[in-house]
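J.: Here is what each chain is made of, one letter per residue.
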Amino acid sequence: MTAIVRYDELVRDDRIHASLYTDPQIFADEMERIFHRGWVFVGHASEIPRPGDFVTRPLGTQPAILVRGADGAVSVLLNRCRHRGTMVCAAERGTTKTFACPYHGWTYDLSGALLGVPYPGGYDASFDKSTRGLAHAPRVATYRGFVFASLSADGITLEEHLGKATKLIDRSCDLSPEGEIELTAGWVKHRCAANWKMLPENDSDGYHLGFVHRALFKTVRSQYQTVVGDERTIKAVVRDWGGGHIEIDWSPGYQGAFEWFGGAPKSLVADYVVRMEQRYGTARAQQLLFEGPAHALIFPNLFLGETNIAIVQPVSVDECVHWHTPIFWKGVPEFNSRLLRQSEAGMGPASFLMPEDLAIAARNHAGLQARHVEWLELSRGLNRETMDAEGRLVSHVTDETINRALWKHYRAVMAGA
Amino acid sequence: MNLDGPWPSNVVPTDDRQAVTDFLHKEARLADEARYAEWLALWTDDAVYWVPATTDPAADPEKHLSHIYDNRGRLETRVKMLQSGFRYSQEPASPMRRLISSIEIAAGAGGEFVAESNFLLAELSIQAKHEMHWWVGRTTHRLRRVAGELRMCTKKVVLVNAAEPLPNLTFLI
Chain A
1 MTAIVRYDEL VRDDRIHASL YTDPQIFADE MERIFHRGWV FVGHASEIPR
51 PGDFVTRPLG TQPAILVRGA DGAVSVLLNR CRHRGTMVCA AERGTTKTFA
101 CPYHGWTYDL SGALLGVPYP GGYDASFDKS TRGLAHAPRV ATYRGFVFAS
151 LSADGITLEE HLGKATKLID RSCDLSPEGE IELTAGWVKH RCAANWKMLP
201 ENDSDGYHLG FVHRALFKTV RSQYQTVVGD ERTIKAVVRD WGGGHIEIDW
251 SPGYQGAFEW FGGAPKSLVA DYVVRMEQRY GTARAQQLLF EGPAHALIFP
301 NLFLGETNIA IVQPVSVDEC VHWHTPIFWK GVPEFNSRLL RQSEAGMGPA
351 SFLMPEDLAI AARNHAGLQA RHVEWLELSR GLNRETMDAE GRLVSHVTDE
401 TINRALWKHY RAVMAGA
Chain B
418 MNLDGPWPSN VVPTDDRQAV TDFLHKEARL ADEARYAEWL ALWTDDAVYW
468 VPATTDPAAD PEKHLSHIYD NRGRLETRVK MLQSGFRYSQ EPASPMRRLI
518 SSIEIAAGAG GEFVAESNFL LAELSIQAKH EMHWWVGRTT HRLRRVAGEL
568 RMCTKKVVLV NAAEPLPNLT FLI
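Going down the list, the sequences are from chains A and B. Using the numbering used here, you'd call the opening residue of the first sequence number 1 and step up by one each time. Using the numbering used here, you'd call the opening residue of the second sequence number 418 and step up by one each time.
Worth flagging that the hints you see were computed from the coordinates, not collected in a lab. The model shown is predicted, which means the values in this text are computed figures rather than measured ones. Just so you know, even glycine gets a beta-carbon here, dropped at the ideal spot from N, CA and C. Possibly wrong hints are sitting among the right ones.
Derived, one-sided and incomplete: chain B residues facing chain A with beta-carbon distance under 10 Å [claimed, not checked]:
no., residue
1, Asn427
2, Ala470
3, His484
4, Glu508
5, Glu529
6, Lys546
7, Val577
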C-alpha cells in the first residue's frame, strides 16, 4: 500500500518541497498522471517520412514505437508482444513491413494488428486475433508535424493541451520559407544524474546563465551576452503561456535580425530573406527573422530550444536524459551545416553549455538530499511580474515566474487525479 | 590512407612507426593529466577533432549531429573554457587514465601517417557523485610532420556507446 501524497501541500505559491525531486513514490505518480495519462511529445513526422518508417521512443518509462502505417497514418505502438511481453522491435529506427516477435514468431502489421501466430493448432476457435494486436496509444495527434500521444482513451484534446502555446511552435516552424521543419540529423542523448524536472526548469531559467555558463562567457562572445549584464539593462522576458507551457523571450534584447543565429552573412541569407518575404509578407518575415525561433517548454517533455528541438526523458527519480537534434528548416539546406555546428556548441555532453547545466543539476540533486531543510525558494519576481494584454504573466528574464507557472500546472495535474 | 591497403604501399618504416606510437602515448598522457596547453600544441592549424554520435561508418558530419566536430578555432575555445576555472563539468578535473592498444599505422598521402588504435579510459567523475565512468572506443589519428615534429591534423574518436545516453564528455577524449 502506498501513501497518498498531498501535492497541494508540497507545491506552494512561493516554494516547493524537496521531496518532489527525491521521492520514488512521487516519480511513480508523475509517470502515471503526467506521462501516461496526459499528452507527451513522441517525435516528429519528418523522422518517419515513408510508410513503414519507424523510430523507437520511450513514452514516459514505457518502450514505444512511432510508426507510419501503410496508409500513411502515424501510430504509437507499445513495444511489447501480446504473447509473453517481449519487445518486438530492438532497432532505434528503420523501415519495415511487419514487427515480428523473435521469441515465438507472433507477427504484427504496421498498425499493430496481429497477422498470425506460428503453430495455430494450439489455439481453438475462441482465440481472437483482433484482441491481441500490439497495444497502441489510444490518442495520437499532430501539430505541424510534432506527434503527441496519450495512453488515456479520454481527457482533454491536444488542442486544449497546447492552448495558446501553438504560437510558440509556429514561431519555430515559420522560419522555414516552406513552413516546415525536418528533424533528420539524428539525436544526441545526454545523461543527467538528477530528477527529470530539473531539465525543464533549467531549460527555462534565465537567472543562471551568467553564473553556470561563466566559462563560455569569459571565453567567447555569444547572443546570450546581453542577458548577463546589469539587472536593470536586461530586456529579455519570461512568459507563462498557461498549461505549464513557459517561455524565455530573448528578442526584446536583440538589436537586429538574425541575432539568434549569431549574425548572418549576406551571402548566406540574401536568397532566404527574399523567400521568407514572398511567403509571409515583408512585415511578418522581418518579425520572424528578428525574433528567431522559440525558447520554450511545451509541458511536460518538449523543449523548443531555439535552433534545436529537445526531449526530456525521465528514467528514475534520480536520473533523466536530455535528447536534442538541430532544426533543419525545409527549403534552406544551406543553413544545415551551421545549424549542426551550433547544435554541437550548445547542447549535448561535449558542448559548451549543457554540460554545465547537467553538472549543476547533479549537484542540485545531491544537495537536495540534505533533507533537514525541506523547502526550495520559488518567490523571485513575485514583486514585479505583470499580466499582458493576452492574459500571460510576464516578468524579467531572471524571474521565477515560469517556474511557478510550471509548478502550478504540475499541482493541478497531480492533485487533480 | 587505408589500413587494409595493398602491401607494400602502406608500409611504414620502423623509425616512423616508433615516432607515431610515441606520439599517441604522449597525446594520451597529456589529455589524461589535463595538460591543456601542451595538448593543444600537438595540433596543426587545419585541426579536425571529431567524435561522431553514432558508430555507423557512414556518419557524415555535414548531415548528422556529432558529439564534437571542432575546427582549430572551436578547439581553442574548448581548451580556454577548461582553463577558465569555471567549466563546472570539469571543475575539478576528472582524474583519468587510458590504455591504448591494437595500434595499426599506415602511410597516408603527402607523407602523412594514419594510426588507428583502441582505447579504454577510466574517468572518475568527481564533480557531484564520484562515479567511475568507463569510455571505450577506436581512435583514428592523422599525423604529419610540421618543422620536423609530428602533429595531429585529425583525431576521430568512435565510442562504442556513441549513440547511447552519455554523461558529460568535456574532458579531452
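J.: So which of the earlier hints does this model not fit?
T.: Result: hints 1, 5, 7 break, sorted rising.
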